Amino acid sequence: MASVVLSDAEKLYIIHGVQEDLRVDGRGCEDYRCAEVETDVVSNTSGSARVKLGHTDVLVGVKAEMGTPKLEKPDEGYLEFFVDCSANATPEFEGRGAEELGTEIASTLYRVFSSEGTLDLKSLCINPREHCWVLYVDVLLLECGGNLFDTISIAVKAALFNTRIPKVRVMEGEEGSKEIELSDDPYDCIRLNVDDVPCIVTLSKIGYRHVVDATLQEEACSLASLLVAITSKGALTCMKKIGKGSLDPESIFEMMETGKKVGKSLHTSLQKVLDEEESLGTTRQKVGFLG
Amino acid sequence: MAAVVMRLPVVRKAVGPSGPRGGEKHLVVPGDTITTDTGYMRGHGTYVVEEKLVASVAGAVERVNKLVCVTPLKTRYNGEVGDIVVGRITEVQQKRWKVETNSRLDSVLLLSSMNLPGGELRRRSAEDELAMRDYLQEGDLISAEVQSVFSDGAVSLHTRSLKYGKLGQGVLVQVSPSLVKRQKTHFHDLPCGASVILGNNGFIWIYPTPEQKDEEAGGFTTNLEPVPLSDREVISRLRNCIVALVTQKLMLFDTSILYCYEASLPHQIKDILKPEVMEEIVLETRQKLLDLEG
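Sequence order for the protein chains is A and B.
In case it helps, my numbering puts the first sequence at residues 1 to 291.
In case it helps, my numbering puts the second sequence at residues 1 to 294.
Extracted from the complex, chain A is given alone in its bound form (with noise of 0.2 Å):
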């Protein structure tokens, strides 16, 4: 991960503030950084979203192919998560520096979407045991400024939601062979419901509290961290914890408290957000990258 160095007074500096609630840029310990949220940024993939929280910049494009099933499930499709820490973050991740950081937000994703209900996965199958779609969730990270994990959490349900698979047809050809036909509209397309996908919470132990949206001079301060996935009604999905410190049993249970009333609150603005981008539709002035 990407980290600064900083003086010891600097550390006791941010680690009393944290204390009193009061942290270096004037948040208090569960607010998090205003966030840009915008969808569709990438025309040649299924669905695509960017994130902009703080300093962190994360963009996430999914595409939908044709798949044949997994063995252990022959009529349900899949996800399949890759992680890019591009060059552009920090020098560190030139060249494989930044594999072992990928590796393990993919298989954090690959975690937290693994439990039963987060998406229909029912409904990307075309044909039982031959056919099914395979969605493939790209992630790069273009800048890093602390909070990895929340932000790809919120651009890949973002991602998902704008995401657009064409609509398809099995038909009986000749001799029995089956036959896919694609829809003539370019806009018959099927939604994903993205109302349960649930979006991570990091909870970084700073000294005898912990803040939600660790900036990079935060994370340097906290030893432990702890990861929670939480839906929009505020079921815990996943837990994990990252950090070479350790946490009190009960400390974690406060933490988890704070992560579900962090989680339905980050749920309804997301939301919120992602319906205003829908209700503009083509009046909507794109932004990008040149903004």
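The set of hints was computed from the structure by calculation and includes no laboratory data.
Remember, predicted model here, so these are calculated numbers, not experimental data.
Backbone N, C-alpha and C define an ideal beta-carbon position, used for all residues, glycine too.
Be aware that one or more of the hints could be misleading.
[Said to hold, decoys possible] Computed Cβ-Cβ distance ranges for the label pairs, DEER-style:
1) Leu290(B) - Glu92(A): 41 to 47 Å
2) Ser112(B) - Phe289(A): 33 to 39 Å
3) Met66(A) - Gln137(B): 56 to 62 Å
4) Lys241(A) - Pro275(B): 32 to 38 Å
5) Glu211(B) - Val4(A): 28 to 34 Å
6) Leu8(B) - Ser183(A): 29 to 35 Å
7) Val5(A) - Leu290(B): 39 to 45 Å
8) Gln94(B) - Glu65(A): 57 to 63 Å
9) Lys286(A) - Val64(B): 40 to 46 Å
10) Ser3(A) - Gln94(B): 23 to 29 Å
11) Gln287(B) - Glu65(A): 52 to 58 Å
Fit chain B to the known structure of chain A by using the hints.
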């Protein structure tokens, strides 16, 4: 109460009219021809191609009699003798420290350029060399003055005054060096309750005003007591104001920071970083600065 604010991105626009006085600035990008007149001497940021003077950096053209140079808008810090800089120690080497100052090469702080505690004047011995890490470690922040510039552009620093030395508790903001205005003094005790060091290299250090001026402090003893909440609020507000000024590309000096602080008082500290509040505050600051000049 958790607050999560999400919004759609908007195209950023510059606040207010640019270039209110002195006419239009001649802005160039690398490769632009500045002039075809051969009577000019070329300065920094330019080169000659087939009798044409061409810019090599993106910035504004400055003309002083016959010297033409281009000052870039965003650049690494280029050291000048006498500049005040705030730097972070990256390495502890034999008889010197390497300091990161946002320039092309790491700056150098020689052991002989550093004040010994107690203000002694003597030759640095082997014990001093071994005890270097007790004075300054990797990650420590210092304020120093540029003593000289080597031929390759690396800067040599010194802390031979009681006002320089290791910095204690506070907040560091990193901005582009071209946004820090050159002034007589870069150490300011702002009336709002905090002090600020405007490093020429773009490192701005905001810290609580020390109660009494320590006679002895060459800055080696850091005060590790918790800073009171009222001082913290002032420091956080100043930090957000500086970030707002920098986002809108206003020059940073004590008056502009103070005006921005006063304009931001009606808002909550964390709201200052919202785009619309930022624009409003910076517009008001710019207006006050124009009134001050006019």
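So, going through the hints one by one against the coordinates:
no., hint, result
1, Leu290(B) - Glu92(A): 41 to 47 Å, "44 Å, holds"
2, Ser112(B) - Phe289(A): 33 to 39 Å, "49 Å, violated"
3, Met66(A) - Gln137(B): 56 to 62 Å, "58 Å, holds"
4, Lys241(A) - Pro275(B): 32 to 38 Å, "36 Å, holds"
5, Glu211(B) - Val4(A): 28 to 34 Å, "30 Å, holds"
6, Leu8(B) - Ser183(A): 29 to 35 Å, "31 Å, holds"
7, Val5(A) - Leu290(B): 39 to 45 Å, "40 Å, holds"
8, Gln94(B) - Glu65(A): 57 to 63 Å, "59 Å, holds"
9, Lys286(A) - Val64(B): 40 to 46 Å, "44 Å, holds"
10, Ser3(A) - Gln94(B): 23 to 29 Å, "27 Å, holds"
11, Gln287(B) - Glu65(A): 52 to 58 Å, "56 Å, holds"
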